[in-house]
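*Asks:* Residue numbers (my numbering), protein chains in the order written: chain A, 1 to 280; chain B, 1 to 280.
Treat the hints with caution; some may be incorrect.
Identical chains blur together in the list; that is why a pair holds if it fits in one copy or across any two.
Said to hold, decoys possible - Listed next, the in silico DSS-like pairs over lysine-lysine satisfying Cα-Cα at most 25 Å (straight line): (1) 198 <-> 42; (2) 15 <-> 244; (3) 8 <-> 222; (4) 244 <-> 111; (5) 15 <-> 222; (6) 62 <-> 272; (7) 8 <-> 111; (8) 222 <-> 113; (9) 113 <-> 279; (10) 8 <-> 62; (11) 15 <-> 207; (12) 15 <-> 62; (13) 8 <-> 244; (14) 8 <-> 272; (15) 62 <-> 29; (16) 222 <-> 29; (17) 29 <-> 244; (18) 22 <-> 222; (19) 8 <-> 184.
Everything labelled a hint here was simulated from the structure, so no lab data went into it.
For reference, the chains in residue letters:
Protein chains: 2
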Amino acid sequence: MTEVSSNKMFGGWQKVFSHQSKELKCTMKFGIYLPPSANGGKVPVLYYLSGLTCTEQNFVTKAGAQKYASEHGIILVAPDTSPRGVNIEGEDDSYDFGSGAGFYVNATQDKWKNHYRMYSYITEELPALINEKFPTISDRQSITGHSMGGHGALICTLKNPGKYRSVSAFSPICNPMNCPWGEKAFTGYLGSDKTAWKEYDACELSKTYSGPQLNILIDQGKADNFLTQNQLLPESLVQVCSDKAIPISLRMQEDYDHSYFFIATFIEDHIKHHAKYLKA
Amino acid sequence: MTEVSSNKMFGGWQKVFSHQSKELKCTMKFGIYLPPSANGGKVPVLYYLSGLTCTEQNFVTKAGAQKYASEHGIILVAPDTSPRGVNIEGEDDSYDFGSGAGFYVNATQDKWKNHYRMYSYITEELPALINEKFPTISDRQSITGHSMGGHGALICTLKNPGKYRSVSAFSPICNPMNCPWGEKAFTGYLGSDKTAWKEYDACELSKTYSGPQLNILIDQGKADNFLTQNQLLPESLVQVCSDKAIPISLRMQEDYDHSYFFIATFIEDHIKHHAKYLKA
């Protein structure tokens, strides 16, 4: 693990590291914010999964989350969104598949399965590294994310009951099986048999979830183009959660769009939400 | 004037506009944050001048200032740092001269004087446009900035007693006549006669300032590489202000560097500082 950058911020340190990933078989970067309280002992950790086209930098530079992580004493980890530089033909051809678009699944298709294992990377390899190298309380972790990363946060939680103390999302892709982004990605990574897709779809996973009580917080901008294009489908998730009596708070925010201006506005609420469970 | 982008943020709107500048003879962009209270009437305005290499985007996306402008009811204006696309030979050759490095002076040298008039743009043309098009209280304006833009904020205030209600700066170039960045820029824009340089040097201007009482707030990171390279020289400004009994608060911040991570950490304090004077 190599330190790429280190900047003092809100009394703590915003750092970026690179490391060699065994799951992804390439060098990966992640951002980590260490609050002042991490100097004095172990603290909880919140993972943030970014959306299409992002690297670890978007959240680090644009969300303004470090202020609240500093105040609440939480480590923030922002991974990259896909393997990088693995030389698969076509990996850089489109913004919504391949590089920058790992979709937090383990690929099963020959062309992609050797490198595109973001699900195992996010849920196993990266937390093991973080817990080894930084002062985390390893059983106090939560997860959030944006768009494709909101999808990631939801499925990582639903597939691993009890692994995360809380989950939230900004404008998540709630039902990838039934939207163009998800159909393209799942066909490419998982093949055309839709049975396999259910393993990575928050709506499908909610139907069979049986673990500790979840209390899902979702913020969604009403002026988000991708909402009107039916890429996100939050109403489908709310329906399933309602049927299953999983508490979910979907806050539809007037005039807000899909950008980091939206995330910056509501990240304080999300970190408060996670702090409640991480520090309970 | 054309709207380039518009995003809801902290209850208000972060917008970017382009317009044709008469002073600079080119199309310029600026960012403007309109707080929720600007819907109900006129509000004060704070100008933020960016540093070397920046456009209007750096402050808009990285500083996290909108939250505090929303809370205090202040319009934030973030201009670009130089004329753009004016086709002067060599304008893009270096990061610290020409494009992205206007230094907030009116050039006098033949090659640059037709376009490089950032001083008049910032102090006259842009405020006139802002006051015409947006709900500002035109006599309640203040100014701040970072690095080259901190220099800009200081000289705009010192050269125009009473024009700005308050001034602050992050890691400003306090004495450009005596640092490599300033010597290069001033030689290029103003020629080799250093008498002309004094018109744009905060230390020199402080020596002869006689206007309303100023109360200058400066934050400076102790781990700022440019501080140790003697590009910033805040101690020179503190000395002059001390001699002239101009109140100045220079806060040396342990471990902080020259980045927007530093600005984001302390922007709340600066907006509070300006709100005190803008709303008095």
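*Asks:* Each of the hints needs a verdict: does it hold here or not?
*Replies:* Each hint, compared with the structure:
Within a single copy, residue 198 and residue 42 get their C-alpha atoms no closer than 37 Å, and across copies no closer than 54 Å, so neither meets the 25 Å cut-off. For the homomeric pair residue 15 and residue 244, neither the shortest alpha-carbon distance inside one copy (40 Å) nor that between copies (42 Å) is at most 25 Å. Taking the shortest Cα distances, residue 8 and residue 222 sit within 25 Å of each other only across copies (11 Å), while inside one copy they are farther apart (35 Å). For the homomeric pair residue 244 and residue 111, neither the shortest alpha-carbon distance inside one copy (37 Å) nor that between copies (72 Å) is at most 25 Å.
In this assembly of identical chains, residue 15 and residue 222 lie within 25 Å of each other by CA distance solely across copies; the values are 18 Å between and 34 Å within a copy. Taking identical chains as interchangeable, the C-alpha atoms of residue 62 and residue 272 lie at most 25 Å apart whether they share a chain (19 Å) or sit on different chains (22 Å). Taking the shortest Cα distances, residue 8 and residue 111 never come within 25 Å of each other, neither inside one copy (42 Å) nor across copies (41 Å). Proximity of residue 222 to residue 113 under the C-alpha cut-off of 25 Å is found in neither arrangement, the shortest distances being 36 Å within a copy and 48 Å between copies.
In this assembly of identical chains, the alpha carbons of residue 113 and residue 279 never lie at most 25 Å apart, being 38 Å within a copy and 60 Å across copies at closest. Both within a single protomer and between protomers do residue 8 and residue 62 lie at most 25 Å apart by alpha-carbon distance, with minima of 16 Å and 15 Å respectively. In this assembly of identical chains, residue 15 and residue 207 lie within 25 Å of each other by CA distance neither inside one copy nor across copies; the values are 39 Å within and 42 Å between. Taking CA atoms no more than 25 Å apart as the test, residue 15 paired with residue 62 passes in both settings, with 15 Å inside one copy and 16 Å between copies.
With identical chains, the CA atoms of residue 8 and residue 244 are never at most 25 Å apart, being 44 Å at best within one copy and 34 Å at best between copies. With identical chains, the CA atoms of residue 8 and residue 272 are at most 25 Å apart both within one copy (22 Å) and between copies (22 Å). For the homomeric pair residue 62 and residue 29, the shortest alpha-carbon distances inside one copy (17 Å) and between copies (20 Å) are both at most 25 Å. In this assembly of identical chains, residue 222 and residue 29 lie within 25 Å of each other by CA distance neither inside one copy nor across copies; the values are 33 Å within and 28 Å between.
For the identical chains of this complex, residue 29 and residue 244 are neighbours neither inside a copy (38 Å) nor across copies (51 Å), given an alpha-carbon limit of 25 Å. Taking CA atoms no more than 25 Å apart as the test, residue 22 paired with residue 222 passes in neither setting, with 40 Å inside one copy and 39 Å between copies. In the homo-oligomer, the alpha carbons of residue 8 and residue 184 never lie at most 25 Å apart, since the shortest distance is 41 Å inside one protomer and 30 Å across protomers.
Checked against the numbered hints given earlier, the structure breaks hints 1, 2, 4, 7, 8, 9, 11, 13, 16, 17, 18 and 19 and satisfies all the rest.
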